[in-house]
Amino acid sequence: MIRFEQVSKRYPGGNQALSGVSFEIEAGSLVFLTGHSGAGKSTLLRLVMMLERPTHGQVLIDGQSLNHMPDKQAPSVRREIGMIFQDHKLLFDKTVGDNVALPLLIAGLRYREIRKRVRAALDKVGLLEKEKAWPLALSGGEQQRVGIARAMVAMPPMLLADEPTGNLDPDLSWELFGLFRELSEAGVTVLIASHDLSLVKRMGARVLVLSDGVLIDDIPARSGGAAF
Amino acid sequence: MALRAARRRFRAWARRHSYSFFSSLGTLLQHRLGTLMTVLVLGIAILLPLGLYVSLKNMDRLDVRQEDWSAISVFIPGTMAAAEVEALAEAARDRPDVQSVSVISPEQGMAEFREVSGFGQSLETLDENPLPWVVTVLPAEVDTRGSTATLSLRIQSLMDFLERDERVESVQFDYKWLQRLGRFLDLGRATVLVLGLLFGVAVIVVVANTIRLDVAARADEIEIFALVGASHAFIRQPFLYSGFWYGLMGGVLAVLMMWLALFYLSIPLKRLLDVYGQGFEIYSLSPVQLIILLLSSGLLGWLGAFLSVQRYLRMLVVGGSLGRR
Ligand SMILES: Nc1ncnc2c1ncn2[C@@H]1O[C@H](COP(=O)(O)OP(=O)(O)O)[C@@H](O)[C@H]1O
Ligand SMILES: [Mg+2]
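If you read the sequences in order, they're chains A and B. Note that my numbering has the first sequence beginning at 1, numbered continuously upward. Note that my numbering has the second sequence beginning at 1, numbered continuously upward.
Just so you know, these hints were derived from the structure itself, not from any lab. Incorrect hints may appear among the rest.
To be verified - Once the Cα atoms are required to be at most 20 Å apart in a straight line, the calculated DMTMM-like pairs of lysine to aspartate or glutamate come out as:
1. K72(A) / E223(B)
2. K124(A) / D169(A)
3. K124(A) / E185(A)
4. K201(A) / D218(A)
5. K130(A) / D98(A)
6. K89(A) / E281(B)
7. K94(A) / E221(B)
8. K116(A) / D98(A)
9. K270(B) / E281(B)
10. K124(A) / E113(A)
11. K89(A) / E223(B)
12. K116(A) / E131(A)
13. K124(A) / E175(A)
14. K94(A) / E129(A)
15. K94(A) / E281(B)
16. K201(A) / D171(A)
17. K89(A) / E113(A)
18. K94(A) / D220(B)
19. K130(A) / E185(A)
20. K94(A) / D62(A)
21. K89(A) / D220(B)
Construct the entire structure; sequences and hints are all you get.
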């Protein structure tokens with residue numbers, strides 16, 4: 001599904017964010033990405049989203065190298081990915097429901113279909129009654145869940161999350177990780193960047209560990225996974 | 001099968017467009033004051049060439065009544081005997097370069113003047129009629145396109161003939177004035193073209209600037225749209241619609257202002273022209289011209305928006321600033 005081949009990324013400022021990173025993630029698996037702050041986690045996710053281009057090496061999705069894709073095709077790549085951002089990236093002048101509807105609007109779905117799917121996605125994150133609310137009236141954790149609902153609503157085959165538990169208390173974080181596991185069991189490829197090492201270890205899923213842009217460890221999933 | 005897929009794609013495309021359409025209207029209504037200001041500026045920019053064009057069109061129609069202007073007026077003292085005047089008129093009629101001759105006696109002149117001016121009573125008190133005889137000589141086949149020089153040559157012998165007659169007090173020929181008007185109109189038409197181009201560019205620039213500010217104000221929104229996979233076309237669309245609305249509303253405002261001005265001017269203008277006995281309809285834009293004007297205003301707005309948004313989106317891609325904090 002996702003494959004990194006000797007990927008290096010150096011930002012124009014001279015920061016070497018990633019150095020020779022290689023790994024492969026199977027379709028439908030749940031993988032965590034950890035490392036200290038500044039280790040290169042966000043950069044790695046941004047490369048998959050085509051928000052950045054690698055300096056060396058290549059990123060492949062479904063066997064297709066993103067290097068060969070022009071910028072014009074980036075939107076269609078992004079539509080196959082549900083992305084959850086640390087700072088939520090919600091539109092504050094639109095209701096929760098309209099925020100979640102965004103990917104479906106872009107896909108050009110029928111209004112009734114959009115409403116149905118939006119409600120289903122909000123239900124999944126426990127925010128069904130907030131459909132008509134404004135994002136600013138929500139707590140940080142609730143806003144994060146709106147972002148998650150938006151990432152899932154178009155049922156993309158791949159879900160990326162950058163520090164999705166940054167604003168959540170441990171209980172909610174644990175619940176959220178459970179949701180990610182469910183999604184991966186339903187066939188969605190899930191890649192989550194998180195520096196919350198203890199929580200990640202409790203999940204028992206595969207963990208990629210970055211340090212100063214180098215992939216220093218690749219811990220395979222414990223058989224049976226975590227006990228909930 | 002392929003047809004079905006195509007139809008589905010078309011429907012998705014149509015739904016995306018209807019979304020852009022309504023969201024662009026929503027944005028304009030949300031910022032009513034700003035929208036109003038922009039539309040006002042656009043309306044004035046469009047009104048300038050439009051107003052000049054319509055004014056010229058109205059003057060043009062005066063030009064068409066050239067026989068009224070190309071007549072030679074011959075003035076003979078009011079004391080002259082009617083037979084003498086008739087003899088002169090007859091002599092003029094016999095010339096090959098004369099089309100027609102009419103005579104207005106001082107009495108007829110007075111009667112007409114009374115009727116038109118409404119000074120009926122007070123004029124009764126005048127003991128003698130101060131008006132001259134007026135003999136109107138219409139030259140044969142005056143070619144208005146000729147230059148002043150050739151025209152004078154052609155008409156010169158007729159003028160000489162009339163002026164040499166000792167009964168005649170003065171001869172007046174307004175053709176030069178008419179020709180000057182014609183040149184003035186030519187200049188006006190060229191000015192309309194230049195103004196039209198200049199203010200067309202002004203419309204593009206005003207809309208481009210408004211949309212630029214609009215885009216900058218919504219940079220976060222654009223970023224989020226791009227992050228969830230919106231294509232450039234989708235991001236661009238609402239702004240293009242906005243540009244079209246701006247241009248269209250500017251055009252509508254310009255037309256309304258023009259109608260208002262024409263309505264305001266129509267009353268005194270009609271009164272003035274009635275005095276001269278000319279049935280005169282004020283010229284305004286025809287329905288087809290109206291549609292062309294409004295559409296091209298809208299398209300200029302669209303173009304301004306396109307140039308503005310295109311530049312910003314290119315920056316977004318080249319700079320790669322998407323999603324960066
Ligand atoms: N846009 C950028 N321009 C220059 N340097 C950057 C940029 N984004 C990140 N970096 C640098 O790249 C390194 C990795 O950053 P990042 O991928 O955000 O790490 P993490 O998400 O693991 O905290 C850091 O040293 C950071 O300062
Ligand atoms: Mg980060």
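Each hint, compared with the structure:
1. K72(A) / E223(B): holds, 15 Å
2. K124(A) / D169(A): holds, 19 Å
3. K124(A) / E185(A): holds, 15 Å
4. K201(A) / D218(A): holds, 12 Å
5. K130(A) / D98(A): Given pair K130(A), D98(A) holds - Cα atoms ~11 Å apart, limit 20 Å.
6. K89(A) / E281(B): violated, 62 Å
7. K94(A) / E221(B): Distance of about 10 Å is within 20 Å: holds.
8. K116(A) / D98(A): Holds: K116(A) and D98(A) sit about 12 Å apart, inside 20 Å.
9. K270(B) / E281(B): holds, 8 Å
10. K124(A) / E113(A): Holds - the C-alpha atoms of E113(A) and K124(A) are around 17 Å apart, at most 20 Å.
11. K89(A) / E223(B): Answer holds: K89(A) to E223(B) is near 9 Å, not above 20 Å.
12. K116(A) / E131(A): holds, 12 Å
13. K124(A) / E175(A): Since the Cα atoms of K124(A) and E175(A) sit roughly 12 Å apart, the hinted pair holds (cutoff 20 Å).
14. K94(A) / E129(A): holds, 16 Å
15. K94(A) / E281(B): violated, 54 Å
16. K201(A) / D171(A): Holds, at about 15 Å.
17. K89(A) / E113(A): Distance of about 24 Å is beyond 20 Å: violated.
18. K94(A) / D220(B): Given pair K94(A), D220(B) holds - Cα atoms ~13 Å apart, limit 20 Å.
19. K130(A) / E185(A): violated, 27 Å
20. K94(A) / D62(A): With a Cα-Cα distance of about 34 Å, the restraint between K94(A) and D62(A) is violated, given a limit of 20 Å.
21. K89(A) / D220(B): holds, 8 Å
Hint violations for this structure: numbers 6, 15, 17, 19, 20, all remaining hints satisfied.
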